[in-house]
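Chemist: Spelled out, the chains give:
4 protein chains.
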Amino acid sequence: MEIKKLKYFAGGQWIESKTDKYMDIYNPSTGEVQAQTPCCTEEEVNYAVECAKKAYPGWSDTPVFKRVQILYRFRELLEEHMDELTELVAREHGKVWSEAKGDILKVKEPLELACGAPSLIMGESLRDTSSGYDTTLYREPLGVFAGIIPFNFPGMIPMGWMTPICIACGNTIVLKAASMTPMTCMRLAELWQEAGLPDGVINIVTCTRNEANILLEHPDVKGVSFVGTTNVGRHIYSTAAASGKRVQCLCEAKNHALVLEDAALERTARGIINSSFGCAGERCMALPVVVAQESIADELVSYIVKFAKELKIGPAYDKESKLGPVVSAAHKEKVIGWINKGIEEGATLLLDGRNTVVEGYENGFYVGPTILDNVTEEMTVGTREIFGPVLCIKRVKTFEEGLAIMNNNPFANGSVIFTQSGYYAREFAKRTDGGMVGVNVGIPVPVGIFPFNGHKLSFFGDLHTLGKDGFRFYTESKTVTTRWFDEEEMKAKEVDTWDGSVGGDLK
Amino acid sequence: MEIKKLKYFAGGQWIESKTDKYMDIYNPSTGEVQAQTPCCTEEEVNYAVECAKKAYPGWSDTPVFKRVQILYRFRELLEEHMDELTELVAREHGKVWSEAKGDILKVKEPLELACGAPSLIMGESLRDTSSGYDTTLYREPLGVFAGIIPFNFPGMIPMGWMTPICIACGNTIVLKAASMTPMTCMRLAELWQEAGLPDGVINIVTCTRNEANILLEHPDVKGVSFVGTTNVGRHIYSTAAASGKRVQCLCEAKNHALVLEDAALERTARGIINSSFGCAGERCMALPVVVAQESIADELVSYIVKFAKELKIGPAYDKESKLGPVVSAAHKEKVIGWINKGIEEGATLLLDGRNTVVEGYENGFYVGPTILDNVTEEMTVGTREIFGPVLCIKRVKTFEEGLAIMNNNPFANGSVIFTQSGYYAREFAKRTDGGMVGVNVGIPVPVGIFPFNGHKLSFFGDLHTLGKDGFRFYTESKTVTTRWFDEEEMKAKEVDTWDGSVGGDLK
Amino acid sequence: MEIKKLKYFAGGQWIESKTDKYMDIYNPSTGEVQAQTPCCTEEEVNYAVECAKKAYPGWSDTPVFKRVQILYRFRELLEEHMDELTELVAREHGKVWSEAKGDILKVKEPLELACGAPSLIMGESLRDTSSGYDTTLYREPLGVFAGIIPFNFPGMIPMGWMTPICIACGNTIVLKAASMTPMTCMRLAELWQEAGLPDGVINIVTCTRNEANILLEHPDVKGVSFVGTTNVGRHIYSTAAASGKRVQCLCEAKNHALVLEDAALERTARGIINSSFGCAGERCMALPVVVAQESIADELVSYIVKFAKELKIGPAYDKESKLGPVVSAAHKEKVIGWINKGIEEGATLLLDGRNTVVEGYENGFYVGPTILDNVTEEMTVGTREIFGPVLCIKRVKTFEEGLAIMNNNPFANGSVIFTQSGYYAREFAKRTDGGMVGVNVGIPVPVGIFPFNGHKLSFFGDLHTLGKDGFRFYTESKTVTTRWFDEEEMKAKEVDTWDGSVGGDLK
Amino acid sequence: MEIKKLKYFAGGQWIESKTDKYMDIYNPSTGEVQAQTPCCTEEEVNYAVECAKKAYPGWSDTPVFKRVQILYRFRELLEEHMDELTELVAREHGKVWSEAKGDILKVKEPLELACGAPSLIMGESLRDTSSGYDTTLYREPLGVFAGIIPFNFPGMIPMGWMTPICIACGNTIVLKAASMTPMTCMRLAELWQEAGLPDGVINIVTCTRNEANILLEHPDVKGVSFVGTTNVGRHIYSTAAASGKRVQCLCEAKNHALVLEDAALERTARGIINSSFGCAGERCMALPVVVAQESIADELVSYIVKFAKELKIGPAYDKESKLGPVVSAAHKEKVIGWINKGIEEGATLLLDGRNTVVEGYENGFYVGPTILDNVTEEMTVGTREIFGPVLCIKRVKTFEEGLAIMNNNPFANGSVIFTQSGYYAREFAKRTDGGMVGVNVGIPVPVGIFPFNGHKLSFFGDLHTLGKDGFRFYTESKTVTTRWFDEEEMKAKEVDTWDGSVGGDLK
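Chains as they are written, first to last, in my numbering: chain A, 2 to 508; chain B, 2 to 508; chain C, 2 to 508; chain D, 2 to 508.
Hints were generated in silico from the structure; no laboratory data involved.
Among the hints, a few may not be true.
Since the list gives no way to pick one copy over another, a pair counts as held whenever it fits inside one copy or between any two copies.
[Stated by the list, open to error] Computed cross-link-like contacts, DSBU-like style, restricted to lysine-lysine with a CA-CA straight-line distance of at most 30 Å:
(1) Lys457 x Lys469
(2) Lys398 x Lys492
(3) Lys342 x Lys320
(4) Lys22 x Lys313
(5) Lys492 x Lys323
(6) Lys54 x Lys67
(7) Lys323 x Lys310
(8) Lys469 x Lys431
(9) Lys307 x Lys342
(10) Lys310 x Lys6
(11) Lys320 x Lys6
(12) Lys22 x Lys320
(13) Lys67 x Lys469
(14) Lys431 x Lys67
Build the full structure now, drawing on both the sequences and the hints.
Modeler: Below, the structure is given as structure tokens:
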């Protein structure tokens, strides 16, 4: 059977790439190749930027109220196609049904935020800043943006985080979709077309890193939004900066949860299961480390192990499955390598997911839930991002010791405390380095009206994705200071000269 | 006579540098060396960062209401010392009295903005984002910032733009003062001490570029604010980005004013004189190019030449002087080089300031007002930053032609239109690339409650200095999502698990 | 043929009133009665409040993200039913097709604003307002609101201005629909039901003033929004205030446009036609007075008369009609009375709409476009609200004279200037008493992201409808100040006692 | 000895009243009359309004940056005169030194907020709301405001709450000072003069209720801010509403604290002492009711009684005193009447302050700390405002029972919970009717950047004093919608006519 070859999307057209290099897209649940996506050529990437640039004047000059009408229409299409899109995510990524559906719901949530663009891009005004001088600030779009996308949220990242606010503000965008999971993104682009989005406002390529670099240096690209590893993020921040762009890079994490002795243990354990093994651990807001207060550590761990064993492993699109495969064979090997490394470093293996086989899906990329106890700060398994269903347990005597361990970590996306105490909740929230804090909340991603605000090596830049930051990232401010003269003033010899930079307004 | 050797300032102490390299500080009005400032060593720069880091925990944990009390006190000291500070600026920089005073008034204006920090750093909150889940966002300080300062606003840039909001938000700062004009900055630091600022919150060094680079890569520096040339700005943005910092770089400009035929010509000409020759053209918001509509160009130019000739040239601290010297002998040579270049490129020299001599101040670095007519887009004299009292005239037939010439310029700080027409004012403000637009306003720097928002090669980064951007640049957001359980819920088997990244809040 | 008797709507049920008094609803285009609406009894009005109160706890406790899902769905239904709704407006009110459609579009615009409620009801937060004390502000709904509706915008006023933000914020509402035009409002309520709105969130009655007064004094009604005459508005403001409610009353107007001699005359005249005769003048943002600068007054007036004569008068639902009937026979008499009064007061009748008859619709309530020239400040016809297609011309020598005449008017909804001059536009906008100012814009109603902000006798209250004011009006703020203790602090003898009202936070 | 007769303050002059009626001002610590203040006549009150009206055009047209310079200067004078002002408060009101100082610190805090007016009165802007149409919103002052002041915070209420934001926004004000405590307010007015405030911006009268009513109906008064009893507040809201004014009335309270069994009992008791007996209970944010969970009620009460007995009672200006007199002999009688009433209603008198005599100050108006236990909902002593040092104890079994009792109260200024539990803190904050909530905070007045937001019968109006509400209350919004034409468009026959009220922007 011939394998389907995907096209790239530029200027409103689905175009067959001129490349002869294609990348395989697997169904991780079966291990089969289900399609192939092109390594777009340098010319094709440049062409996508050109299309975005061409679409910009018309789109940016469309009143924001009209622009968002298309977003509302896209929202309706999202709802109509929810099941189809969910299945697409499950098939290309391997996350189970509820998680795959969440990936699409997380397109809808930022979309709704972006529908509010007219309120949220308003500028500021003041009359008579000095007598006769008025100043008004406007927020304007910038031009073409680039989005560089990882494999793990094929819906949310390109079409929730990167696109809705960007285009609602009047910009156009070129997305470099994830090579392993580009299909959801592309299907969503078709729905955008159906919603009436003008050609060239959204463009999608897949390519290798070399061609992606074009986006970082292209003079017509005004900003870059990236989600991926910390090393690449740093490279992108620095490279795009060197060509004068604004940049936001959302990177790796190693989120810890501190469980204090007054926590609701069984309930906490259930929450941890979901947070640590959900999406097979392949998310930057996963919870791969639990820091347990010693007095309750044994009891907590026994709950966790018990619940982890109950997780039904199976193909993503089987609605009974609670844990699906990881995204690829290579990634499976990497995760197993980390488990081995953990054992080697001296951790205690409480539950071993390395040899997981799902009947009827023997070639799927499954890794079972894995629990390593007695992990210490010295072990890399407890400090580096694994991105798999591997949970490390660290044990501490006190709140202070736990907080210190957490803040020693170089990443700082999420951080969580489980407790009943108002005092420790407040103290933790204030003193943790984590940017998104949870109190009895395992995956403390805030709703999209707040920014997704990682700290330290989990983020490069200053304006985060979503929230009001999102609107700032995708607009630039312009101030207009005005002075008008009547007939008399036109002829005046003695003139007031606003001279802002010598305090003209203060004299 | 022994020349005074300045010290650096770290941890609240004025310390003599261990270096043997000192840089001369001239009085540009006389050409004499008035003091010397050290090339601080690598260790000394590191020590300044260390002091800032050490001061951070105590300062950031001081409630913002208490922090701003010190700002209020500093404001009183500024008013008390206004004349002394004005003279200091005039003596080290060479700008005339009203301009020098403006430099200090422009410390006060952002300071007053920073006094409002309690209102302006408030975060956001929403209860029941999902049933039982509340989210609150806080704006927290980041740690140590670095400020790298050019010679041209010895008061405003370090102590107006960089410091007040930075420290009001709870950060500490290391300033690399301008080698040619560090004295105002240092005197202001003394006043901060007098106002009660704790040791180490502000630290000041002078050094060469090598040592300044330490600040860009130091792991304890969380952000960098820079004002200077575009090439250096680009380097700083990229270098500091590579070490994960947030950055804002305010760079070169070549601001143009478009004068339409319905403008109030004489009044406009007076405004242009002030904007083009004020501060001897040494400011990024100067107006070095006038684009005149042909029908009125001759009349306009004749007014400009007439008024330019009337400018009294003299020493900065003589209150009669209307045009002072440029900052250094080298800079004088550079400006004269540009005038020569303009003539070479074919411009018409209407007024020649190259051979200006002020009686009694024969060694001062004076350049008289210089006007080059018939400058075209092809000439570098009309497109590159000169930073001297040199005005270029370009002539166009129409509004559209004028706008096009202006937008072709790679810089985009300020842009100005002179007209009586509401239509052209609106059209210009919308379509100009300039970030700070003036309508009948020569130097359209907005008051500090608005950001100083240059575009294109005049700025690198995304959050500008001052305005609400200022508070965003100097704070980082943290979200706290909370879920509490009562006794019943603690024991529940069926649990709701917020799972933000799979749309938990949307289910 | 039996005339249809409408029901009232309470608790999600359409209920036949127990009253025996019904009010006629006419089709103004034909003069026929098309339906009857009940004078609901005191008990029925109270029951509607009771239903709204009963629905409140569940609705207010539904997370705002879920509440707005129903608004999104209602928006889709609005689009689907656009033509049906437009026809309904045309048939009960008499405004022509494009205007009737506008009435429904003006439901959609505020609805879209209200969809953004999650962003717009966020509160504020600050940590360590004093050491250890944090404060967070939340915006909460209040309970039951009442809306009292005039006849002239049967869609926009109840379902655009009053309902969407009110319910998005978590409140419930009782609408007293207009007796003459309740059908659009009721049909829209059916669509709300179809969209999934819980029973009792919206309730609708029709009744006489006596029963409406119940809403002003009912202890369970927390706020009142009213649109209608100034006298009633004042009564409502005072009465509802006496029972402790928050109130907004949008009242009468007499908007003037000042036409300066540099205006684009023909274009201006076309704009005036639309503004003065659109909706047959039955809107508070109509333009019933033109103040013309003498130098161009004759030319301007001749254009206006010419274009007015060209207006095709006919039944509202005939898409060819440009001017429909007024709402009732009584109102027709009132308008004609005003024309007679104007003539009596000495105005010059340039165009007389009193004897307008439309063939085939001889019983329709038609009044043709009427123009009175040489109207002066002394004439009541030029200062009081007529609410019909009657345009008064006042003539002035100068801008200042025109502005003075306008500001002498006791009403201040909209005010307009037609000019090309940036100076006069700014001066007018600053100095006019009008709350909604137009520069070359005849009906300067801003889009709904801005408040509809009338001044003087055109408004009672302080928070206007729509814009961010809308969200303030429909929410109440609550601040929570928190201090937590650890084990040590719990036992402390020396205690810090926050004592906000003696400056505890400032010590 | 002749008793000093105070003057009133209008148009920058201190004027002797023409009245022959004067009201005594006591020193409550000694019971002696220390001065007399006039019952200003109707003409004098009208004159004060006239002065305020006359000052308005000049003051409102002064740029906000200049206006706040005077506020900064007044702030310096406040600091310089802190001790003098503190003593003045202590002498006329009777609160002890730290409380009297707090009264002045609470002038300074809102003043600092008001200094930030330039940032906080900025309006909003959007370009191309429809193609070619821009809208800008400005916040403008309204004119003359009136402030009506109670006796209990002679500094904070007139000069902290009512004046700084009012005048920073460009309004002028007439204050009706408290008859019993006008001297602090008047002294502060002198300092405003010294700070350079123009004549007529602040005006002060004292008078009886009849003359005060003038302010409610005067056509030149645009808004009224009132602090006092609920009955008067309701009258003022309704009366001022009837004449079209905006109004805010801050009224009575009966704040309760719920103490749960997990609270830090001793510490909580200390906090309660301060909150209940501070300012002799004469403040709307006092804590006159403690609702104790039965399991710990006895222990808690025994701590409270013990600490209450330790309070040193004495003259206000003796720095050793911890509890001063109440404001007047009449008020003392009233408070004692309430204690008698409580006993009569069946409460248990645990501590009796009725017969308190301070040696050497036998005629002072002293009431000692009084504690009534076993107070129930049925007793008026536990539900009505007493405004004296009388604490009622109510006992409940559960959190739910306690919350219900609190929400049954008709007042809702502050409400407090003492607990260690995050769950109960959140639940309480969400479900309490109180507008200002404390968690382990006895007097939960938030800092002035937040509004002072009472609910239910504790407040009439919708915009509270202070916070961002403060700036909304003292400004009115104006929107300006602009459309400009070029030469071609001026002549166009086909015209776009913005017609906001028929959805012109949506077509």
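Chemist: Now, for every hint given, state plainly whether the structure supports it.
Modeler: Consistency of the hints with the structure:
no. : hint            : in the structure
1   : Lys457 x Lys469 : both (20 Å within a copy, 23 Å between copies)
2   : Lys398 x Lys492 : between (81 Å within a copy, 22 Å between copies)
3   : Lys342 x Lys320 : neither (33 Å within a copy, 69 Å between copies)
4   : Lys22 x Lys313  : neither (38 Å within a copy, 67 Å between copies)
5   : Lys492 x Lys323 : between (80 Å within a copy, 23 Å between copies)
6   : Lys54 x Lys67   : within (20 Å within a copy, 38 Å between copies)
7   : Lys323 x Lys310 : within (11 Å within a copy, 64 Å between copies)
8   : Lys469 x Lys431 : both (22 Å within a copy, 23 Å between copies)
9   : Lys307 x Lys342 : within (24 Å within a copy, 64 Å between copies)
10  : Lys310 x Lys6   : neither (39 Å within a copy, 66 Å between copies)
11  : Lys320 x Lys6   : within (28 Å within a copy, 52 Å between copies)
12  : Lys22 x Lys320  : neither (35 Å within a copy, 59 Å between copies)
13  : Lys67 x Lys469  : both (21 Å within a copy, 21 Å between copies)
14  : Lys431 x Lys67  : between (42 Å within a copy, 19 Å between copies)
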